[in-house]
Amino acid sequence: MSELVVGNDDPSKRTPLVLGGHDFKSVSDIICRPVEAKAPQWWMIAFGVSVSGLCLLIAMLSKLVWSGIGVWGLNNPVMWGWDLVGFVFWVGIGHAGTLISAILFLFRQKWRTSINRFAEAMTIFAVMSAGIYIVFHVGRVWVAYYLFPIPNSMGIWPNFRSPLVWDVFAVSTYFTISLLFWFVGLIPDLATIRDRATTKTRKIWYGIFSVGWRGANRHWMNYERAYLILAALSTPLVLSVHSIVSFDFAVSQVPGWHTTIFPPYFVAGAIFSGFAMVVTLMVAARELFNMKDFMTMHHLETMNKIILATGTMVGYAYGMEFFMAWFSGNTFEQYAFINRAFGPYYWAYWTMVSCNVISPQLFWFKKIRRSIPMMFIISIFVNIGMWFERFVITVTSLHRDFLPSSWFYYSPTWVEVCQFIGSFGLFLTFFLLFLKFLPIIAISEVKGVMPAANPHQPGEEH
Amino acid sequence: MSQIDSGAPNKEYWRSMGELEQSPEFKEFVNREFPKDASVLEDEVSRRTFIKIMGASFAFAGLTGCAGFRRPKQIIRPYARTPENLVPGRPNYYATAMALGTDVVGLLIESHEGRPTKVEGNPSHPGSLGAASAMNQASVLDLYDPDRLKRIHCNIPSGDVDGYGDWISARIEDAKGTHGANLAILVDTNVSPTLNRVLAELKSTYKDVSVFQYSALNDDNAVAGIKSVTGKALRAKLHFDRIDRLVAFGADFLGTEPGNVVSAKEFATRRDPDSDRGLNRLYMFESHFTVTGGKADHRFRIQPGQMDAAIAQIAVAVFSRVGNVSTDFRSQVADWSKKLGNVVPAKELAAIVDDLVQPKWVSAIVVGSQCSPFAHAVAVAVNAAIGATEHGVSYYPVHFVDASYAQRGSVESIRELTHAIKNGDVDTLFILGGNPVFTAPSDIAFGDALKKLKHSLHLTLFPNETSHFTQWVVPKAHFLEAWGDAQSIDGTVSVVQPLITPLYNGTSDIEWVSQLTSSVAGNGYDEVRKTLKTAKGSEKSWRRWLHEGVVSEAVVSVSAPVAQSLTVKPINEKGLQLELVPDFKVYDGRFTNNGWLQELPHPVTKLTWDNAALIGVDTAQKMGLVTGDLVNLKSKSNEIEVAVFVQPGTADDTVVLSMGYGRRVDGRIGQGTGFNGYPLRSSVAMATVGGITIEKTGKKYTLATTQEHGSMEDRKLVRAADLMEYEKNPEFAKEEHEGPPMKSSWPERAYDTGNQWGMSIDLSKCTGCNACLIACQSENNIPIVGKSQVANGREMHWIRLDRYYEGNTNDPQMVQQPMTCLQCENAPCEQVCPVAATVHSEEGLNDMAYNRCIGTKYCSNNCPVKVRRFNFFDFHQRNPQSTEKNRIHFFDYLREPDKTVQMQFNPDVTLRMRGVMEKCTYCVQRIQQVKIRTKNEGRAIVDGEIKSACMQSCPSDAIVFGNILDPESKVAKLKKNPRDYHILSELYLKARTTYLASVRNPHPTLVEERA
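Residue numbers (our numbering), protein chains in the order written: chain W, 901 to 1362; chain D, 374 to 1384.
Simulated from the structure, these hints should not be mistaken for laboratory data. Cβ atoms here follow ideal geometry from the backbone N, Cα and C, with glycine treated the same way. Be aware that one or more of the hints could be misleading.
Restricting the straight-line Cα-Cα distance to at most 27 Å, the calculated cross-link-like pairs of lysine-lysine (DSS-like) are [said to hold, decoys possible]:
#1 W/K1205 x W/K938
#2 D/K1101 x D/K1089
#3 D/K1107 x D/K1343
#4 D/K1160 x W/K963
#5 D/K1258 x W/K963
#6 W/K1336 x W/K1347
Label pairs and their calculated CB-CB ranges [to be verified]:
#7 W/T1313 x D/T1070: 24 to 34 Å
#8 D/K1116 x W/E1187: 55 to 65 Å
#9 D/T422 x W/K963: 49 to 59 Å
#10 W/A1116 x D/E398: 50 to 60 Å
#11 D/N1181 x W/P1049: 50 to 60 Å
#12 W/T1313 x D/E1109: 51 to 61 Å
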């Protein structure tokens, strides 16, 4: 391993995935340090802010349930607003995690090792935020369990033709599998922390959750088998969950929703937004925890490339929607798209286009791809743009559909805005707890991709 | 059991294997009385067991004590003596009548266990023919209004409510002393023969008492105009079903004019292109869009001040073609016309006159109550000239023409009365109903005059502006609470039958006046019977009158001879001017506290909860005004602040403002709504106010409309054609479907057995009058949501009227389309509901299971016509009139509708809680009632037996409901009509509600002009 050159462009020479000449012990030390050390001040402040956000969310949800959905700005044609936008936004963000942990695992993309834990955690917390939205967007949350096929004396089942029922299954499956996958991956690392533990509490709790891991060969064998199976289970979910989310729109007949391009378009958008979120969080985390040796510029650059690729796909989808609207000859469809770009919500549309189509194109430039401030800004832009994409799809399609008599304008109330802020509070609270109490990089996996784990002669890498 | 022990049975009958084997277990089982473990209970109770059992008992006792989940205790009391014909749960219907100004509409009131719940038209009443207007139907809400005056109120600082009786006696004593010389009575427009008789008796008791009659919305001008030509105090009544060619001048006879219900019934019979008598043709001259203008085949925007010019111009042209008008009269009209100038373009004039003078058609002109006496006078002459009086127009003497109060117009009355008070001729005034302080012309300071009175009393339904100025305020009985009678313009007398004893000890004006003569509180029933018996009839006929609601048929119309000369002068206003018009919803202001009417979208502007100054598109542009701008509207003597509403189709340089809004003293519903137009109204300019200026204030005002977008965006939603096109291609509406043949994604159900309900809505007939909307609201317990929620797009009406404009934005045509759940067979809403809360019934209804609905709102998003309504809040709780509820447990609701308002609810329809979706059900409760009844009677359902509330109330008979599988049903026949079309047929909804395309009948020579 002589070529420890950062940013090697020669495809035959792989860029090293861990820099800084670490050995196994220093890897464990660095990754376990946040868990074992006292929480830094920035963490305390960030946690305080996030918990306040979470409290805001709880307050908004209480108001919502106490007074009714009317505290939101929804109205007759626009029955879904920031609630569904928030739901799709968060579900979308989750997708990067699953893609990184499952698909890249199956494709043996070893560079994923230092970011998969992080991304999976993001997935789970994002799906939780999404779940809050899907549960509380209903008018009578106390009977939301009707969505599940629970045998009852009335003999009524959910309507299996409804995409919302598919959604319930898709999202709950997704959450369950992601959580399991994450937890299984965590077991060896939890055991590492347990073994290193100096306090009794840590010993007990990490002991419980490392479920008796001893690092025996048999354990490793079972572990890797289980991990592979879960990865295989998760892989279709990457495609299916957001496809099904897109069915909420595509299966309906609202002009602007009823399009066959939605499933791939939504999946691309989800990965796009998810990677942007991972970049946003990782840029901050590697700085704050001083883990630049594990989350290297190479990782970031690779992700930026994916952002560029998916951003371009999304841009293609935007163009294709317009083409199809024109090509279909359907006046309602045509109007829906003209209205998107030039109607009352034109600002949302053009915000979306600038953020999602134009800004990632800057990643064609290597300098920008490798510039921390630029990628941070662009990733934020993409997050904003993807939120607006969902807003454009949900609200602008609904607000002017078939009968001009029912056309109406929708704007959110402070409750919706605060609830959205609060959903970030929920997400960040859990994420900060994760940063503090769990190894944010898969220790065992990172060790596996270090040169020390793979004693070959130089130039013999495949 | 002994034989078992005996061990030697003779015959081997055995009950079980155990018995056969005589096993020890079996022996033990037989010996034991109870199962094995039961004996534990018999064991001596140990300390531990005792504690255990006691603990468990306490725990379970505690559980049952969870009062939080116990049903609230309610007492249901049976009738000790059941009223006649009352079956609990089944409504009874009683006939009565409602008078609004001179308009008398016969009604049938649905009564549930003694509570009137819904107002419907009385089919056997000639003033209703089964339909009722929005105001008629909403009147039941007034009855239960908790803001009504509930007790006698005394405004005298030292006064005591208990002194009321003494006060009245003192007034009677005074009157006896002076023969009533200083006593005056002010009544609202009186159409009651009994009140007239009681007033006459009062007059005979106290000969000098003076009676005045004032109503803000009156037909003084019409009566004066007709009187000026004929010499008789007459009112004209048009027979719209007979008129083939009609020219209307400011006459909103389908909307705000008296008699609009019957006018619409009659007019609609001539808007069916397939009828034997063919389409009529309506030319409309008006300053602003009315529902009548919307139905017109040719509509002319014209300033109110130029209306007389238009009528004079047409009259001159007509007189030149038909010769039976005196030359004097003719030349006078010609002179006026010359002075006023020409306002009707030559081509249009030729077409109109051509239509009017054609002898093969019954033609007529009709002039609005608001128009000048000149217009009415000329109209009499023109109608006489073109022979309209033979078929199209009848004249009837005004009510009680012998009574002193009926010989003066309203304005004259109030002026004289004010004068008399100021002079000190009158020191005691009893105001029976009405709100003259609010509605009197601004130059007659009636309110100030009231302060001069020594004694004053106001008998009123609601505390209002007038009651603030009188010493005594006495609750008046609602018309559904007291006996009375009413006479229509054509002389038909109807009995006003009460449905309920007065809720707040109200007195009717008949009873109140009668006590002045007889010194004891009058009995309305006796008084009415006395009037009607004197007229004619025995007990038997009295019962028939009550049953049918009609006492006598119309009196014979009288002739209207046209005089030699024209004595009245026309109005000629040029420049920026204001027209003050009756309000479509609150009448003269009396319905401002009626939530249904407040939230009723105005048929043209779609405004709710407010009125506004309507200004045309071009004029607004010229003045730099946009909707919502607050402006100072100044007349020569007064000014008001009012919000602007830019309304297509309003005449240039014209501001139109309805009267009745902007009440200062009002209940919780009406408080703070709209702008008061009365200050700009003076006794010399009651309708058209010239010399108006508009000043911007820079302030903004939120106006809540239910429809923001007026263009159809080239979508084939309302399909319409001219008669000639229709005759050429009757299938035109169907051919407007675009797209390939349709196929469903799911297996389609045949729906080919039993009853399959469907509806047909005739757009040719629908005027957009909103009667269906109020009918639906009262039938289906639909809450009002308030202005802010309407502004947020959350109104709950199950049926709405979509209003679209076509053509030039400044001078468009208007079409109306009632839109409610189409009951699609391939319902998009049903497919997406995740919990199957909206599903299809066997009879083709798209049903809502409220209890199953969790409120994802997905159905509404997928509904292409957006007729689903979501309960964003518990709107009944949020009504400003709701009261705090006695909570029985924590989870109980915090508020509930006022107890009296609850009495209005239709017990057959569930109240929906917040968080659930609701929508039109085709009045499934009515379907079920008839199904149950016919099943009990062992017969089939007759077509027309089930009427949805909207169909029942529709004055135009535009809505027809029935079984589409029955080939003889009206709806099935209408669906075979070539005009029948499916809205949004591209979506393959297979909707059960289909529309009949609208057909207009423009004059052939003017067709190109319009296109």
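Do the hints match the structure? See the list:
1. This hinted pair does not check out: W/K1205 and W/K938 have alpha carbons roughly 36 Å apart, beyond 27 Å.
2. Our distance criterion of 27 Å between C-alpha atoms is met by D/K1101 and D/K1089, whose separation comes to about 19 Å.
3. As the CA atoms of D/K1107 and D/K1343 are separated by approximately 20 Å, the hinted pair is consistent with the 27 Å bound.
4. For the given pair, D/K1160 sits about 22 Å from W/K963 by alpha-carbon distance, which is consistent with the 27 Å threshold.
5. Taking the CA atoms of D/K1258 and W/K963, the gap is about 21 Å. The hint holds against a cut of 27 Å.
6. With a C-alpha separation of about 21 Å, the suggested pair W/K1336 and W/K1347 falls inside the 27 Å cut-off, and the hint holds.
7. For the pair W/T1313 and D/T1070, the supplied restraint of 24 to 34 Å holds, since their beta-carbon distance comes to about 29 Å.
8. Distance hint for D/K1116 and W/E1187: a CB-CB separation of about 59 Å, consistent with the stated range 55 to 65 Å.
9. The hinted window of 49 to 59 Å between D/T422 and W/K963 holds, with their beta carbons roughly 51 Å apart.
10. For the hinted restraint 50 to 60 Å between W/A1116 and D/E398, the CB-CB distance of approximately 54 Å keeps it satisfied.
11. Taken as a hint, the range 50 to 60 Å holds for the pair D/N1181 and W/P1049, whose Cβ atoms sit roughly 57 Å apart.
12. Checked against the given bound of 51 to 61 Å, the beta carbons of W/T1313 and D/E1109, roughly 41 Å apart, lie outside it.
Hint violations for this structure: numbers 1 and 12, all remaining hints satisfied.
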